[in-house]
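Participant: Chains A and B, in that order, give the protein sequences. Numbering follows the numbering used here, in which position 506 of the first sequence is assigned residue number 506; successive positions increment by one, without gaps. Numbering follows the numbering used here, in which position 57 of the second sequence is assigned residue number 57; successive positions increment by one, without gaps.
The set of hints was computed from the structure by calculation and includes no laboratory data. This structure is a prediction, so every number in the text was calculated from the model and none was measured. Each residue gets a CB set at the ideal place from its N, CA and C atoms; glycine is no exception. Some hints here could point you the wrong way.
[As the list claims (entries may be wrong)] Partner residues are not named here, just some residues of chain A that face chain B (Cβ under 10 Å, in silico): (1) S82; (2) Y226; (3) R234; (4) V236; (5) Y239; (6) R240; (7) V279; (8) W282; (9) M410; (10) F473; (11) V505; (12) A507.
[Stated by the list, open to error] Below, computed lysine-lysine pairings styled on DSSO-like, alpha-carbon distance capped at 27 Å: (13) K157/A / K51/B; (14) K230/A / K51/B; (15) K644/A / K625/A; (16) K39/B / K375/A.
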Amino acid sequence: MTTSKLESFRYDDKIVKFFIIATMVWGAVAMLLGVTIAFQLADWRLNLGLEWMTFGRMRPLHTNAAIFAFAGNGIFAGVYYSMQRLCKARLFSDKLSRVHFWGWQLIIVSAAISLLSGATTGKEYAELEWPIDIAITVIWVVFAVNFFGTLFNRREKHIYVAIWFYIATIITVAVLHIVNSLEFPVSFMKSYSIYAGVQDALVQWWYGHNAVAFFLTTPFLGLMYYFIPKAAKRPVYSYRLSIIHFWSLVFIYIWAGPHHLLYSSLPNWVQTLGMVFSVALWAPSWGGMINGLLTLRGAWDQVRREPMLKFMAAAVTFYGMATFEGPLLSIKSFNSLAHYTDWIVGHVHSGTIGWNYFLIAGILYYLVPQLWRTKIYSKELGQMQFWTATIGLALYIVSMWIAGVTQGLMWRAVEPDTGNLVYPHFIETVVRIVPMYWVRAIGGTLVLISFIMMIYNLYKTIKNAGEHEEEVFQAPAIEKSKGFLFFKKHRELEGLPLIFTILVVIAIGVGSAIEIIPSLVSTKFIQKNEAITPYTPLELAGRDIYIREGCYTCHSQMIRPMAAETMRYGKYSKAAEFVYDRPFQWGSRRIGPDIARVGGKYPHMWHYRHMWDPREVTLDSIMPKYPWLFSKKTDYQVLPKKLKVMAALGVPYGSEQIENAVANAKEQAEEIIAALEEGGVENKMKDKQIVALIAYLQRLGVEGRDIEDESTQEEEE
Amino acid sequence: MKSLVLSQWDLPLLPTIALLIFISLFVGVLWWVTREKNKSTYEEIKFLPLKEGNNHE
Numbered sequence: 001m002t003t004s005k006l007e008s009f010r011y012d013d014k015i016v017k018f019f020i021i022a023t024m025v026w027g028a029v030a031m032l033l034g035v036t037i038a039f040q041l042a043d044w045r046l047n048l049g050l051e052w053m054t055f056g057r058m059r060p061l062h063t064n065a066a067i068f069a070f071a072g073n074g075i076f077a078g079v080y081y082s083m084q085r086l087c088k089a090r091l092f093s094d095k096l097s098r099v100h101f102w103g104w105q106l107i108i109v110s111a112a113i114s115l116l117s118g119a120t121t122g123k124e125y126a127e128l129e130w131p132i133d134i135a136i137t138v139i140w141v142v143f144a145v146n147f148f149g150t151l152f153n154r155r156e157k158h159i160y161v162a163i164w165f166y167i168a169t170i171i172t173v174a175v176l177h178i179v180n181s182l183e184f185p186v187s188f189m190k191s192y193s194i195y196a197g198v199q200d201a202l203v204q205w206w207y208g209h210n211a212v213a214f215f216l217t218t219p220f221l222g223l224m225y226y227f228i229p230k231a232a233k234r235p236v237y238s239y240r241l242s243i244i245h246f247w248s249l250v251f252i253y254i255w256a257g258p259h260h261l262l263y264s265s266l267p268n269w270v271q272t273l274g275m276v277f278s279v280a281l282w283a284p285s286w287g288g289m290i291n292g293l294l295t296l297r298g299a300w301d302q303v304r305r306e307p308m309l310k311f312m313a314a315a316v317t318f319y320g321m322a323t324f325e326g327p328l329l330s331i332k333s334f335n336s337l338a339h340y341t342d343w344i345v346g347h348v349h350s351g352t353i354g355w356n357y358f359l360i361a362g363i364l365y366y367l368v369p370q371l372w373r374t375k376i377y378s379k380e381l382g383q384m385q386f387w388t389a390t391i392g393l394a395l396y397i398v399s400m401w402i403a404g405v406t407q408g409l410m411w412r413a414v415e416p417d418t419g420n421l422v423y424p425h426f427i428e429t430v431v432r433i434v435p436m437y438w439v440r441a442i443g444g445t446l447v448l449i450s451f452i453m454m455i456y457n458l459y460k461t462i463k464n465a466g467e468h469e470e471e472v473f474q475a476p477a478i479e480k481s482k483g484f485l486f487f488k489k490h491r492e493l494e495g496l497p498l499i500f501t502i503l504v505v506i507a508i509g510v511g512s513a514i515e516i517i518p519s520l521v522s523t524k525f526i527q528k529n530e531a532i533t534p535y536t537p538l539e540l541a542g543r544d545i546y547i548r549e550g551c552y553t554c555h556s557q558m559i560r561p562m563a564a565e566t567m568r569y570g571k572y573s574k575a576a577e578f579v580y581d582r583p584f585q586w587g588s589r590r591i592g593p594d595i596a597r598v599g600g601k602y603p604h605m606w607h608y609r610h611m612w613d614p615r616e617v618t619l620d621s622i623m624p625k626y627p628w629l630f631s632k633k634t635d636y637q638v639l640p641k642k643l644k645v646m647a648a649l650g651v652p653y654g655s656e657q658i659e660n661a662v663a664n665a666k667e668q669a670e671e672i673i674a675a676l677e678e679g680g681v682e683n684k685m686k687d688k689q690i691v692a693l694i695a696y697l698q699r700l701g702v703e704g705r706d707i708e709d710e711s712t713q714e715e716e717e
Numbered sequence: 001m002k003s004l005v006l007s008q009w010d011l012p013l014l015p016t017i018a019l020l021i022f023i024s025l026f027v028g029v030l031w032w033v034t035r036e037k038n039k040s041t042y043e044e045i046k047f048l049p050l051k052e053g054n055n056h057e
């Protein structure tokens, strides 16, 4: 490669400023939502009896806002700043940058409106409905074109490791989002997943875990490898280690998804594979963490003085702690205690607050004075912010540890003499941990306050900055080569992005293919059973209400094959039971009990009263009231369309069933209302949504109670 | 013990292939980065974040 004369150019820092401001705005919104739902769990009355304010709708908004709005805008700010400087080139297109920025903000606003109004796919961290999914894909492509265009126009022959992490992020997030979001529209804001039951669970958690890996980890590691050396004014400790870190992490991370489904109906070999690779993640994660911390060698006096470096050092430390805890929680025996408890919630927040928020804070404290050519308004306020956030996070994590271990142990406690459960009523285990919910809410509030301190500090910094000219930089151009494609004189390292991208695709493709494809194409693992029939039209309508209200955020539908679980909930769940579940609703947290076999356990009237006011049937329940289910009518007219879409996806609904969907639904509603009338409910309630929901709940797990487990049969034979 | 392990590993072929691919990749990367020939390149690249282009205005 030859170099030529110096070229002058300017960086597009305006777009970085846009993303910085968006990061601050959405960060505050995401944390405010988090604090709100934390208080709702401590006191159910804070749900206010409003449908758009209930925990089930607010919680997905909180997670989406924290991941895609706060962390997302933070990533784009950091990537666009560092990309230009590492490539010594202005961003590929100013127009694409603006489309990217405004498109992403529009997606966030659409997500907020749709989630609060109950438009959700019911799949964690992928709740957004199909029109927004398409918008995300389009904007992500815009980002990718802008990114790779900049890379192509670069004036620096080498591609620094941070850019490797960005490439892995762009490619993998695109693959994950597209594969997991494949759905069949029913209406403008309603769709059904093309996957069902176990397959849906496998694909969803392959996506869900790797959303953490490739949205909250790899881009942040890229930012770490760029901004810590910048801030500490010294190069990365070991560039070699960063390369090993990158390849090991990218290859291993993609396998870890099934650790979210341990002891579920997922094939055992997939669970074990997920566990083994999760444990293997310890090595690259800690390699990266050590590399980040050792970059600060000799700069510890600055860490003491500078809030920017303090946040960065703490972020890397929390990354180390979270990536120690994650593999630990993936070990099957360990997971059997921690899964479905608040321990997981604490673990997640040590990552999103400790790693993501702290690193973003460090980066913003670096970027704002740089971009506005000024000094930080108050380092003292930055120090105060750091300690407020750290104390808040410590309260959060410790309270969730205590709540998680306490509840996990209470669920499995058995009387030594009788073999009965010590706490047979689930509510006993909830009441015990409510004090920890208050501690968590206080901790979360401190984190929010710390964030507001940063906004104030940065606002004052920006306000105090004077006018300044855009800087002009110079770098030698890389000579353009002649020829066409592979026949042209090869510009040696210019070809690397393409080769590199292909290698990344292979690295993530191996794990994805081996784990997912056998379960999608083979009937060996998920055998159908004739005893399991598709949902009736009214049950389907009820199921969609269940999804709309976000019931999966508090209730699981997966009984694990453990004595304490089968004693509490009934026979353990089998893969065949979920073949018509689009989407699956196994859940990930039991704030309330598992309801996989709640069907027939209580009379219709129990459910009716429970949804009106949960305290009427369970005195200390922390569940919100759902009064709107008693006033809103079930949409019967859409049922034929829903059945038709389900039939197109492979559910065995005949044409007669589709034609008679409305009549069948009304007939089943009459049966339910007849039973409710005995309890004094008026007949006019038969068209209300509560009746459809009762139809669905009374169906849960009934057919699966008596079916045999195929794998057990084989062993016995 | 053997049956316990096998019960968790009911499809050994694909995971074994995967582990072999990973080990090959890991050894390959390790060999590549520790080559003496690459040392000077890495020493050059690691300083990239500290260079933003020459500011001439």
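Participant: If a hint holds in the structure, say so; if it doesn't, say that too.
Facilitator: Quick rundown of the hints versus the structure:
no. : hint            : in the structure
1   : S82             : holds (8 Å)
2   : Y226            : holds (5 Å)
3   : R234            : holds (8 Å)
4   : V236            : holds (5 Å)
5   : Y239            : holds (4 Å)
6   : R240            : holds (4 Å)
7   : V279            : violated (13 Å)
8   : W282            : violated (14 Å)
9   : M410            : violated (27 Å)
10  : F473            : holds (4 Å)
11  : V505            : violated (14 Å)
12  : A507            : holds (7 Å)
13  : K157/A / K51/B  : holds (13 Å)
14  : K230/A / K51/B  : holds (9 Å)
15  : K644/A / K625/A : violated (33 Å)
16  : K39/B / K375/A  : violated (38 Å)
In terms of the numbered hints stated before, the structure departs from hints 7, 8, 9, 11, 15 and 16, listed from lowest to highest.
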